[in-house]
Amino acid sequence: MRALTAVAIGLAAAFALVLAVTAAGVPSGETSPEPLRTTVPAHP
Amino acid sequence: MRRKASLVLLAFAVFFATLSPLLRWYAFPRLAKIPPNQYQDMVLEAKPATLLDYGTMRARQVPKVSIVQTLKGNVEESERIERTAGRDVVVWDALSHVVGPDGKMVSQIPERYIFDAHTQEPVHATGEMVDGDPVRRTGIEFKWPFLTEPRDYDYFDAQTRTSAPIHYRGTRTFRGLDVYYFEQTIPWTKVPLPKKMPVQGITPQAVEKAGTSRWYSTKRMFWVDPVTGAPVNGEELHREELRGGSLVPGGGKVTAFSGHVKMRPDYVAATVDLVTSQRRLVLLLTSYLPWGFLGLGAALLTLSLVLEARGRRPDRGRPEPERAEPVSSA
Numbered sequence: 000m001r002a003l004t005a006v007a008i009g010l011a012a013a014f015a016l017v018l019a020v021t022a023a024g025v026p027s028g029e030t031s032p033e034p035l036r037t038t039v040p041a042h043p
Numbered sequence: 000m001r002r003k004a005s006l007v008l009l010a011f012a013v014f015f016a017t018l019s020p021l022l023r024w025y026a027f028p029r030l031a032k033i034p035p036n037q038y039q040d041m042v043l044e045a046k047p048a049t050l051l052d053y054g055t056m057r058a059r060q061v062p063k064v065s066i067v068q069t070l071k072g073n074v075e076e077s078e079r080i081e082r083t084a085g086r087d088v089v090v091w092d093a094l095s096h097v098v099g100p101d102g103k104m105v106s107q108i109p110e111r112y113i114f115d116a117h118t119q120e121p122v123h124a125t126g127e128m129v130d131g132d133p134v135r136r137t138g139i140e141f142k143w144p145f146l147t148e149p150r151d152y153d154y155f156d157a158q159t160r161t162s163a164p165i166h167y168r169g170t171r172t173f174r175g176l177d178v179y180y181f182e183q184t185i186p187w188t189k190v191p192l193p194k195k196m197p198v199q200g201i202t203p204q205a206v207e208k209a210g211t212s213r214w215y216s217t218k219r220m221f222w223v224d225p226v227t228g229a230p231v232n233g234e235e236l237h238r239e240e241l242r243g244g245s246l247v248p249g250g251g252k253v254t255a256f257s258g259h260v261k262m263r264p265d266y267v268a269a270t271v272d273l274v275t276s277q278r279r280l281v282l283l284l285t286s287y288l289p290w291g292f293l294g295l296g297a298a299l300l301t302l303s304l305v306l307e308a309r310g311r312r313p314d315r316g317r318p319e320p321e322r323a324e325p326v327s328s329a
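If you read the sequences in order, they're chains A and B.
Just so you know, we're using numbering that gives the first Met the number 0 here: the first sequence kicks off at 0 and counts up by one.
Just so you know, we're using numbering that gives the first Met the number 0 here: the second sequence kicks off at 0 and counts up by one.
Because the hints were derived from the structure by calculation, they are not lab data.
Beta carbons are placed, not taken as given, at the ideal position from N, Cα and C, and that holds for glycine.
Among the hints, a few may not be true.
As the list claims (entries may be wrong) - Ranges of calculated distance between the beta carbons of each label pair, as one might list FRET restraints: (1) B:Phe173 to A:Phe14: 34 to 42 angstroms; (2) A:Thr38 to B:Lys46: 16 to 24 angstroms; (3) B:Pro313 to A:Pro26: 34 to 42 angstroms; (4) A:Pro32 to B:Lys189: 37 to 45 angstroms; (5) B:Gly126 to A:Pro26: 17 to 25 angstroms; (6) A:Glu29 to B:Asp52: 24 to 32 angstroms; (7) B:Pro164 to A:Glu29: 33 to 41 angstroms; (8) A:Ala7 to B:Gly169: 47 to 55 angstroms; (9) B:Gly294 to A:Pro32: 40 to 48 angstroms; (10) A:Met0 to B:Pro34: 41 to 49 angstroms; (11) A:Arg1 to B:Pro313: 16 to 24 angstroms; (12) A:Phe14 to B:Tyr38: 33 to 41 angstroms; (13) A:Glu33 to B:Gly169: 47 to 55 angstroms; (14) A:Pro26 to B:Thr55: 30 to 38 angstroms.
Said to hold, decoys possible - According to the in silico footprint, chain A covers these stretches of chain B (three or more CB under 8 angstroms from chain A): (15) 3–15; (16) 18–32; (17) 59–71; (18) 85–96; (19) 133–143.
To be verified - Under 8 angstroms between C-beta atoms, here's a sample of chain A residues computed to sit facing chain B: (20) Ala2; (21) Ile8; (22) Gly9.
Please build the complete structure, drawing on both the sequences and the hints.
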């Protein structure tokens with residue numbers, strides 16, 4: 000019974016962590032103020 | 000005490016063993032995406048190249064033609080489209096600006112490319128265009144999906160406004176990276192004239208009215224990192240002709256542009272560096288962490304079982320309890 004509880008805790012913690020990380024996602028940021036280039040840049 | 004420790008180890012073993020497939024098959028497809036605010040430029044060069052002199056309407060060889068390509072993520076537009084599309088969308092406003100040896104514009108083609116941030120599948124929404132013409136893309140453009148497969152893909156050609164297969168031609172080593180090599184050949188095709196012509200006063204409508212049409216053919220080659228799906232090198236054997244009508248001497252054909260276009264070496268180096276760093280991040284989620292966690296889970300499970308077994312075994316230092324003498328009846 001105690002082993003089953005330990006397994007359940009491990010499973011729940013793994014699911015909770017992955018769901019939290021994926022739900023948080025990645026922030027979108029803002030559109031770059033840089034213009035579309037019409038001159039040849041000297042370097043990258 | 001030992002049994003308590005073995006239970007804690009068992010919980011951690013299950014935690015890491017569960018995390019392994021969850022990271023690879025649940026978290027990775029949701030976390031790996033093209034950021035909507037990406038800004039990237041690229042310079043390609045044809046040295047030498049053939050260009051049309053619009054003054055004499057004859058082709059001439061020039062030492063160099065440069066193509067400056069910019070991809071700019073439009074966050075506001077991507078958020079607007081996401082509200083109706085119901086998925087993560089990236090909107091790239093792109094510009095291919097071609098510059099002659101004198102620094103003057105040869106042609107300029109703007110594009111709006113809208114696609115799924117995770118899969119690179121095209122998303123169709125108002126504003127999707129090439130040079131102001133509405134288009135409906137199929138296949139990919141500029142970038143391959145994460146974890147690119149060694150197979151043919153449909154690749155969108157902006158000049159013809161159509162998609163055609165880009166063929167997988169094998170694995171190559173490029174600057175220390177194992178990459179997939181892809182090739183696409185577009186046969187001679189009649190294509191629209193660019194809205195912005197290199198000479199003041201000449202409009203695409205005037206050229207068409209003179210009965211002259213623009214034809215194009217290309218062979219494009221890409222060396223693609225299969226982990227990130229990002230091309231680390233690109234080349235194109237690009238040819239354009241003006242055919243027929245009163246503008247072309249004799250009504251035949253004249254080369255408008257011809258050249259072997261290659262990425263400028265400093266941009267190749269910068270792209271390889273960028274892809275190498277991004278590749279590590281993708282591998283972390285698809286390989287390093289899942290395999291590491293699986294191994295750790297197995298090790299912890301073994302340790303937990305060993306502790307459990309020892310906890311159940313009688314201690315050797317302690318004297319065994321005396322057995323009761325069998326009672327026999329006299």
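Okay, Glu29 (chain A) versus Asp52 (chain B) on CB: inside 24 to 32 angstroms? The hint (24 to 32 angstroms, Cβ to Cβ) is violated, given that Glu29 (chain A) and Asp52 (chain B) are roughly 44 angstroms apart.
For the segment 18–32 of chain B, count the residues whose Cβ lies under 8 angstroms from any Cβ of chain A; is that count three or more? Satisfied; 8 residues make the cut.
Regarding Thr38 (chain A) and Lys46 (chain B), is the given constraint of 16 to 24 angstroms on their beta-carbon distance met? Given range 16 to 24 angstroms: holds, Cβ gap about 18 angstroms.
Against the range 16 to 24 angstroms, how does the distance between the Cβ atoms of Arg1 (chain A) and Pro313 (chain B) compare: consistent or not? 21 angstroms, holds
Under the criterion of a CB-CB separation shorter than 8 angstroms, is Ala2 (chain A) in contact with chain B as hinted? 6 angstroms, holds
Please verify the coverage claim for the segment 85–96 of chain B: does it have three or more residues whose C-beta sits within 8 angstroms of some C-beta in chain A? holds (count 4)
Counting residues of the segment 133–143 of chain B with a beta carbon closer than 8 angstroms to any beta carbon of chain A, are there 3 or more? violated (count 0)
Against the range 34 to 42 angstroms, how does the distance between the Cβ atoms of Pro313 (chain B) and Pro26 (chain A) compare: consistent or not? 59 angstroms, violated
Range hint 17 to 25 angstroms (beta carbons of Gly126 (chain B) and Pro26 (chain A)) holds or violated: Holds, at about 24 angstroms.
If I claimed the Cβ atoms of Glu33 (chain A) and Gly169 (chain B) lie 47 to 55 angstroms apart, would that claim hold in this structure? Hint violated: Cβ distance 37 angstroms, outside 47 to 55 angstroms.
Within 8 angstroms of chain A's CB atoms, at least three CB atoms from the segment 59–71 of chain B: coverage verdict: holds (count 4)
Status of the given 47 to 55 angstroms range, CB of Gly169 (chain B) versus CB of Ala7 (chain A): 49 angstroms, holds
Violation of the numbered hints given earlier is confined to hints 3, 6, 13, 14, 19; the remaining hints are satisfied by the structure.
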